[in-house]
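Chains A and B supply the protein sequences, listed in that same order. Counting the first sequence from 1 gives a position; the numbering used here is that position plus 1260. Counting the second sequence from 1 gives a position; the numbering used here is that position plus 1260.
If a hint is listed, it holds; no wrong ones were tucked in.
Covered stretches of chain A, going by a simulated chain B footprint (3 or more residues, C-beta under 8 Å):
| hint | stretch |
| --- | --- |
| 1 | 1266 to 1279 |
| 2 | 1587 to 1597 |
| 3 | 1607 to 1621 |
Subject to a maximum C-alpha distance of 30 Å in a straight line, what follows is the list of computed DSBU-like cross-link-like pairs (lysine-lysine):
| hint | chain 1 | residue 1 | chain 2 | residue 2 |
| --- | --- | --- | --- | --- |
| 4 | A | Lys1395 | B | Lys1593 |
| 5 | B | Lys1625 | A | Lys1625 |
| 6 | A | Lys1593 | A | Lys1625 |
| 7 | B | Lys1440 | B | Lys1295 |
Hint data in this document are derived by calculation from the structure and do not stem from the laboratory. Glycine residues also receive a C-beta, built at the ideal position from the N, C-alpha and C atoms.
Number of protein chains: 2
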Amino acid sequence: MNMTHEFLELETPCLLLDLARLEQNIARFTAIAVKHGVVLRPHLKTLKSIDAARLVVGEGGPITVSTLAEAEHFAAAGFRDILYAVGIAPGKLSRAKRLASSGVDLKLLTDSTSVAHSAAGLGLEFLIEIDCGDKRGGLPVESPHLLAVANAISDGGNTVAGVLTHAGHSYGTDDLTEIKKIAEVERASAVAAAVRLRSAGYSAPTVSIGSTPTVAFGESFEGVTELRAGVFMPFDLDQMSRGVCSYDDLALSVLTTVIGHNREAGRVLVDAGGLALSKDISAHGFLPGAGYGHVVDAETVAPLGLVVDAVSQEHGKIDVADNIWFERLPVGKQVRVFPNHACFTAAAYPGYHIIENGHLTGQWKRVNGW
Amino acid sequence: MNMTHEFLELETPCLLLDLARLEQNIARFTAIAVKHGVVLRPHLKTLKSIDAARLVVGEGGPITVSTLAEAEHFAAAGFRDILYAVGIAPGKLSRAKRLASSGVDLKLLTDSTSVAHSAAGLGLEFLIEIDCGDKRGGLPVESPHLLAVANAISDGGNTVAGVLTHAGHSYGTDDLTEIKKIAEVERASAVAAAVRLRSAGYSAPTVSIGSTPTVAFGESFEGVTELRAGVFMPFDLDQMSRGVCSYDDLALSVLTTVIGHNREAGRVLVDAGGLALSKDISAHGFLPGAGYGHVVDAETVAPLGLVVDAVSQEHGKIDVADNIWFERLPVGKQVRVFPNHACFTAAAYPGYHIIENGHLTGQWKRVNGW
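Could you build all of it, start to finish, from the sequences and the hints given here?
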């Protein structure tokens, strides 16, 4: 096995995606959904790849997306069951309508009577967003506005397809007991909101919950119909730092090349800087010293005990305490970096180089932008 | 003037670039170069736009780029004098050679004998990188390796075109006296290195220095042949926080739409999140509380006294202390955000919507990736 030779043909920085690890992560989350008898509707906001989506749900869906550009991209590839899980702006309704009219079963999200009024006559499906503690989008479960939003959707000839909540605050702890508590609040909030809607006469069949930590560790999904999670596919240091995955689960890395040594400053410079790694340092909350990513051997992914300590736009700066590193990491040498947050790092690239059994076997494209 | 109407036709989030402000910033930096009799070689790493480059240097160059993808993009548009100002990896030499062979006067950068050896026989031009205190790439002025690198370049049949240094550490202060000191060290370091090379028999004609703060405030560029700066074109909160520009110079903003209200959490949500704004918060060092950008009126760019306090991937979270903001910023309303760091924010987009005299007058493309 001489991976290094193959990697040397790649332009760095670039993304490597380990297919076996990706499949193992998908199998783990698929098993959770199967065990609980709930649909897994993977969030493609992380990998934004048709190939990755097909690995989870086959052809057609169901999937979750974070932009209408993603929705259109997946629809063009035959996905027909798509949830756009960000509160829709009124100005985006006509674009969504075009997509729905093309034969896509498109679910939109709102918590706003104003959006519902703007959508009057479009014949669209809406989930109503519930805030289960994340303090982002959504109404509290007991909000008096919940039924007003449902009425506004329904009065406009649109469908109240159910409720959605996202326990994004589950990222705020690495305490398993706490994550389980948050997962239960997430579940109970969504179910209670659906019950309120049903009591008011709406069928509201969908109860959509999910974040990678709460899907991983939730103990009950009673009453829930679908689980959304996305970063579980490649995982990253951020999730590892919360105990959601292990080092051996990390499927996404940045391949980078040593471009210089600053011996006086004790630094090895690589060509993965702030654009290639992103400036997301979200792992730091529970993994201080993670820098802009962990540096590992390009071939074996063995940790080198180094991190990218600082970045400028096109430079990654690896501080080394011992001059031996200038010999171990000569100019031209490739290393890999496991990033803090896969969703942000991947966004700088047009796609992935796929690794299977230690060899490059293909490329997958991503869709970026809006 | 009803800009809002035109803006409502745009898909948000998107980038707006104010042409009058851009031209004013370019005029300011062009005047500095003219005053000192030095060439302005603008760094296109920020805007990565052919149209922007032509505004500064007309057709053909000289320009600075941060990736070979940029070099190729600008070369395809007729630019013939291109400096790739990041230390080149040996694996990129063949790609650079192809570009040089296509008729581009391409200058490369290194501080490594190893790179110089790898380039043997390619007939390329190299600047030698000098570290004037930034602790990124480069040799100290007095380094015994300076002549070794020059010899390795020359022995391999390549050209020692001169020296380059970058006072990136000028971003580390908002003290004008300190910036001027750093500018003088930057100048003196580059000139001294060139003198050493010339004393050793190399013509080393180019003495390239620059960062936006040191170009803005340097008092002497004696001995320097060219100034590199890039972020000066659009400017950003980061530069403003260091006193390099004023609020009225900010040419780049993100147009975003209100997508929800979380009244319980006291938050207005917009569709510019961490991907649309970037996670760069570099203005914070000297502008605490800048969040992920300043929120301004979409039409007048009057500051609203609000910032994007937090982001998730596709959500910007604007904390509001008064419920009046839920009326002032209804769902569907557009606002603009002046970002922390233009180089990072712009990288998420395929291009810019140009504003002239308050109207949308065109679109400029960017080149992203590597």
